[in-house]
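Chemist: Take a look at the letters that make up each chain.
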Amino acid sequence: MLEITNLHASIDGKSILQGYNLSLPAGQVHAIMGPNGSGKSTLSYVLAGRDGYDITEGDVQLNGETLLPLAPEERAARGLFLGMQYPVEIPGVSNMVFLKTALNAQRRAKGMNELDAVEFLQNIKTAAQQLGLSDDMLKRSVNTGFSGGEKKRNEMLQMLMLQPTCAVLDETDSGLDVDALKVIANAINAMRAPTRSFLIITHYQRLLDYVKPDVVHIQAHGKIVATGGPELAHKLEAEGYKAFGIEQAA
Amino acid sequence: MSDNANIHAVIDAEYKYGFVTDIESDRAPKGLNEDTVRFISAKKNEPAWMLAWRLQAFATWQRMKTPTWARVQFPPIDYQDAYYYAAPKQKIAPQSLDEVDPELLKTYEKLGIPIREQELLAGVAPKKIAVDAVFDSVSVATTYKKELEAKGIIFCSFGEAVQKHPDLVKKYLGSVVPVADNYFAALNSAVFTDGSFVFVPKGVRCPMELSTYFRINAENTGQFERTLIIADDQSYVSYLEGCTAPKRDDNQLHAAVVELVAHDDAEIKYSTVQNWYPGDKDGKGGIYNFVTKRGECRGARSKISWTQVETGSAITWKYPSCVLKGDHSVGEFYSVAIANNCQQADTGTKMIHLGNHTRSTIISKGISAGRAQNTYRGLVKFARTARHARNRTQCDSMLIGNQCGAHTVPYIESRQPSASVEHEATTAKISEEQLFYCRQRGLNAEEAMTLIVNGFCREVLQQLPMEFAVEAQKLVGISLEGSVG
Numbered sequence: 003m004l005e006i007t008n009l010h011a012s013i014d015g016k017s018i019l020q021g022y023n024l025s026l027p028a029g030q031v032h033a034i035m036g037p038n039g040s041g042k043s044t045l046s047y048v049l050a051g052r053d054g055y056d057i058t059e060g061d062v063q064l065n066g067e068t069l070l071p072l073a074p075e076e077r078a079a080r081g082l083f084l085g086m087q088y089p090v091e092i093p094g095v096s097n098m099v100f101l102k103t104a105l106n107a108q109r110r111a112k113g114m115n116e117l118d119a120v121e122f123l124q125n126i127k128t129a130a131q132q133l134g135l136s137d138d139m140l141k142r143s144v145n146t147g148f149s150g151g152e153k154k155r156n157e158m159l160q161m162l163m164l165q166p167t168c169a170v171l172d173e174t175d176s177g178l179d180v181d182a183l184k185v186i187a188n189a190i191n192a193m194r195a196p197t198r199s200f201l202i203i204t205h206y207q208r209l210l211d212y213v214k215p216d217v218v219h220i221q222a223h224g225k226i227v228a229t230g231g232p233e234l235a236h237k238l239e240a241e242g243y244k245a246f247g248i249e250q251a252a
Numbered sequence: 010m011s012d013n014a015n016i017h018a019v020i021d022a023e024y025k026y027g028f029v030t031d032i033e034s035d036r037a038p039k040g041l042n043e044d045t046v047r048f049i050s051a052k053k054n055e056p057a058w059m060l061a062w063r064l065q066a067f068a069t070w071q072r073m074k075t076p077t078w079a080r081v082q083f084p085p086i087d088y089q090d091a092y093y094y095a096a097p098k099q100k101i102a103p104q105s106l107d108e109v110d111p112e113l114l115k116t117y118e119k120l121g122i123p124i125r126e127q128e129l130l131a132g133v134a135p136k137k138i139a140v141d142a143v144f145d146s147v148s149v150a151t152t153y154k155k156e157l158e159a160k161g162i163i164f165c166s167f168g169e170a171v172q173k174h175p176d177l178v179k180k181y182l183g184s185v186v187p188v189a190d191n192y193f194a195a196l197n198s199a200v201f202t203d204g205s206f207v208f209v210p211k212g213v214r215c216p217m218e219l220s221t222y223f224r225i226n227a228e229n230t231g232q233f234e235r236t237l238i239i240a241d242d243q244s245y246v247s248y249l250e251g252c253t254a255p256k257r258d259d260n261q262l263h264a265a266v267v268e269l270v271a272h273d274d275a276e277i278k279y280s281t282v283q284n285w286y287p288g289d290k291d292g293k294g295g296i297y298n299f300v301t302k303r304g305e306c307r308g309a310r311s312k313i314s315w316t317q318v319e320t321g322s323a324i325t326w327k328y329p330s331c332v333l334k335g336d337h338s339v340g341e342f343y344s345v346a347i348a349n350n351c352q353q354a355d356t357g358t359k360m361i362h363l364g365n366h367t368r369s370t371i372i373s374k375g376i377s378a379g380r381a382q383n384t385y386r387g388l389v390k391f392a393r394t395a396r397h398a399r400n401r402t403q404c405d406s407m408l409i410g411n412q413c414g415a416h417t418v419p420y421i422e423s424r425q426p427s428a429s430v431e432h433e434a435t436t437a438k439i440s441e442e443q444l445f446y447c448r449q450r451g452l453n454a455e456e457a458m459t460l461i462v463n464g465f466c467r468e469v470l471q472q473l474p475m476e477f478a479v480e481a482q483k484l485v486g487i488s489l490e491g492s493v494g
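Chains as they are written, first to last, in the numbering used here: chain A, 3 to 252; chain B, 10 to 494.
Chain A extracted, bound-state conformation (with noise of 0.2 Å):
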């Protein structure tokens, strides 16, 4: 499914990710926690494709296919979600509007029709229900004056609808409550399938009491320094990174 090998990467001459390495097969959720500044929303840019960052070294493959040659939107393609840890705001463009096009988008490029507008609109629904969203969400602008817990389930909504086979979730649970917080893990269990994996970035012990990871890294300095089972976010919880033997600037 992905495979990270020896990715190095940098910003504006700054090197952030040093020889990462990640493995993440078919069918599972892995975690990835670490201190600010150890590079994972770089991690998942690149993953992602976001122009501006340099690859030095290394490759990412999904399914077999090496993404870094691909442009945003053909890894997406390709399955590739990307759950923002700060989802941007389209204002005067619906949400409805958005993932129809995003969806068709995504259909064009793999060679299929588009979806019926019918079909749309029930999928859209189911999916919004599920998530607490009310069909007046779907009407609003792209998450132009939602709150932050409203921002993170709008980005659930378009993981249910474009049905990615990798979803990388950046931060998701960042600044939620604990009903949003279930709410989110509801629907990443939903969707786990043998066919589908997820790499959660997280800070916190808490989104992974609902969604069981199978693997949890630990990413210091732009790589992974620990891997084990869920186990090791519970050290994490009670050690700080000092037990990782990660120092981190005051």
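Be aware that a few hints might be false.
Using C-beta positions, here's what the derived DEER-type ranges look like [said to hold, decoys possible]:
| id | chain 1 | residue 1 | chain 2 | residue 2 | range |
| --- | --- | --- | --- | --- | --- |
| 1 | A | Asn23 | B | Val418 | 56 to 66 Å |
| 2 | A | Ser12 | B | Gln412 | 44 to 54 Å |
| 3 | B | Pro210 | A | Arg109 | 45 to 55 Å |
| 4 | B | Glu442 | A | Glu241 | 29 to 39 Å |
| 5 | B | Met475 | A | Gly177 | 39 to 49 Å |
Simulated crosslink set (DSS-like; lysine-lysine; CA at most 25 Å straight-line) [to be verified]:
| id | chain 1 | residue 1 | chain 2 | residue 2 |
| --- | --- | --- | --- | --- |
| 6 | B | Lys211 | B | Lys180 |
| 7 | B | Lys52 | B | Lys173 |
| 8 | B | Lys179 | B | Lys160 |
| 9 | A | Lys102 | B | Lys211 |
| 10 | B | Lys438 | B | Lys290 |
| 11 | B | Lys211 | A | Lys112 |
| 12 | A | Lys141 | B | Lys483 |
| 13 | A | Lys102 | A | Lys153 |
| 14 | A | Lys16 | A | Lys184 |
| 15 | A | Lys184 | A | Lys214 |
| 16 | A | Lys141 | B | Lys180 |
| 17 | A | Lys112 | A | Lys102 |
| 18 | A | Lys153 | B | Lys179 |
| 19 | A | Lys184 | A | Lys237 |
Rather than coming from a laboratory, the hints here were simulated on the basis of the structure.
Yeah, the Cβ is synthetic: ideal placement off N, Cα and C, and Gly gets one too.
Since chain A is already given, all that's left is putting chain B on it; use the hints.
Modeler: Below, chain B without anything else, positioned relative to chain A:
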């Protein structure tokens, strides 16, 4: 960051209407003098009063100077180095569409203009749009005339109106935009060649959209059309204007005058999708679009609404305005102006409140990309007589890349203490973040840009008649091609 590199890669659009129709044309001798004016008037078989009006306008123009207050730059125009009349050669005037030169019909077909009346297909009547097609200096065809005539609606070329409805033309011509209003209006008054004339009688709601489609084809030729729309008491008409021109290395002048008159309880909705050739990406060629458009809400409770989508022209100098004379009359101005590459746009509106309880709304969306400069210039004026008048203005600018400029120049003059005015202005930059977000969901860079810009313009685009809104949305995308990469 490479967001700019990214953005720069979507702004190099090819202008797809840039072809030239190979058709022989009948032209006035080059240059501009009294004889040119006489030549045009004679070609059009005009009565003496019309020629006298033109000559007086020409004399006025000669005493005037090119206005320099707009934020646009161009070398002085040599008015002697252009043609003022060009007409496709036709042996005899066509009596029906079947007699129109097939080359001309093909041109409009290629432009996607429904110049043939739509036949009933399998019992389904298509949505009708009556079209007046103006090619260079003359109108070549007007459709659905019979059907409109049955309701008493006059929709014809301006030339025909001068011949067949001289009293109406005499009564209204120059009554909203006087000859001496400004330099380009005076020039137009002297040398205007054709355009559209609309009269909707009392109590009639025009059953279809009326549309004029302007095409400049001949080289070195200015286009000076004149449009006059009159809505009598309690009538309604929706009118759309479209325009394109071939790609040429020289700049061509388009100086039109549009006058609208709305009587008691009448409503005129005037929409423009302006897509003149904007010049190449280095600023070579393109149309100078110096246009005077003004509507007068002459009657009580009348309403005039301007909606414009300005994507073309090398230079746009245009301020569709409303004079709100009648009590409780309403003026609206909805504008999207996109300037890319080296385009310069100085556009906006004037809302002149004269009557009591008059209301006006201005929503302007300016988008600048490449090295373009985009200025909103507006005047909201409340005369002493305009008690309890209101205006709301919203000017939003969007910048794409970092070499373009957006400017807002709002003037507000009030001589009436009960007037209320609200003004809001914002400037946003299309962000790399927004583009990345859309692309991560599967849209390519151009689709993303089009979606974001259309979202930004939504309030204006939704004012357009349905069938044109879709076109306009596509045009927004085309105009910005090459501005992201």
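Chemist: Give a verdict on every hint.
Modeler: Here's how the hints hold up against the structure:
1. Between Asn23 (chain A) and Val418 (chain B), the C-beta spacing of about 58 Å keeps the proposed range 56 to 66 Å intact.
2. Between Ser12 (chain A) and Gln412 (chain B) the beta carbons are some 27 Å apart, a value that contradicts the proposed interval 44 to 54 Å.
3. The hinted range of 45 to 55 Å is satisfied by Pro210 (chain B) and Arg109 (chain A), whose Cβ atoms lie roughly 52 Å apart.
4. Roughly 36 Å separates the CB atoms of Glu442 (chain B) and Glu241 (chain A), a value that falls within the hinted 29 to 39 Å.
5. In this structure the supplied range 39 to 49 Å holds for Met475 (chain B) paired with Gly177 (chain A), their Cβ-Cβ distance being about 41 Å.
6. Using a Cα cut-off of 25 Å, the hinted pair Lys211 (chain B) and Lys180 (chain B) holds, with the two alpha carbons roughly 17 Å apart.
7. The suggested pairing of Lys52 (chain B) with Lys173 (chain B) holds, with an alpha-carbon distance near 16 Å, which does not exceed 25 Å.
8. Of the pairs offered as hints, the one joining Lys179 (chain B) and Lys160 (chain B) holds, with about 23 Å between alpha carbons and a cut-off of 25 Å not exceeded.
9. A threshold of 25 Å between alpha carbons decides the hint, and for Lys102 (chain A) with Lys211 (chain B) the separation of about 45 Å lies outside it, so the pair is violated.
10. For the proposed pair Lys438 (chain B) and Lys290 (chain B), the alpha carbon gap of about 21 Å is at most 25 Å, so the pair holds.
11. For a cut-off of 25 Å, the pair hint linking Lys211 (chain B) to Lys112 (chain A) is broken: about 57 Å separates their Cα positions.
12. Restraint check for Lys141 (chain A) and Lys483 (chain B): satisfied, since their Cα atoms lie roughly 22 Å apart, inside the 25 Å limit.
13. Distance check on the hinted pair: Lys102 (chain A) and Lys153 (chain A) sit about 18 Å apart at the alpha-carbon level, within 25 Å; holds.
14. With a C-alpha separation of about 38 Å, the suggested pair Lys16 (chain A) and Lys184 (chain A) falls outside the 25 Å cut-off, and the hint is violated.
15. For the suggested pair Lys184 (chain A) and Lys214 (chain A), the alpha carbons sit about 13 Å apart, so the restraint of at most 25 Å is met.
16. Restraint check: the Cα-Cα separation between Lys141 (chain A) and Lys180 (chain B) comes to about 49 Å, which exceeds 25 Å; the hinted pair is violated.
17. About 15 Å separates the Cα atoms of Lys112 (chain A) and Lys102 (chain A), which keeps this hinted pair within 25 Å; it holds.
18. With a C-alpha separation of about 61 Å, the suggested pair Lys153 (chain A) and Lys179 (chain B) falls outside the 25 Å cut-off, and the hint is violated.
19. Annotation: proposed proximity of Lys184 (chain A) to Lys237 (chain A) holds, straight-line Cα distance about 23 Å (limit 25 Å).
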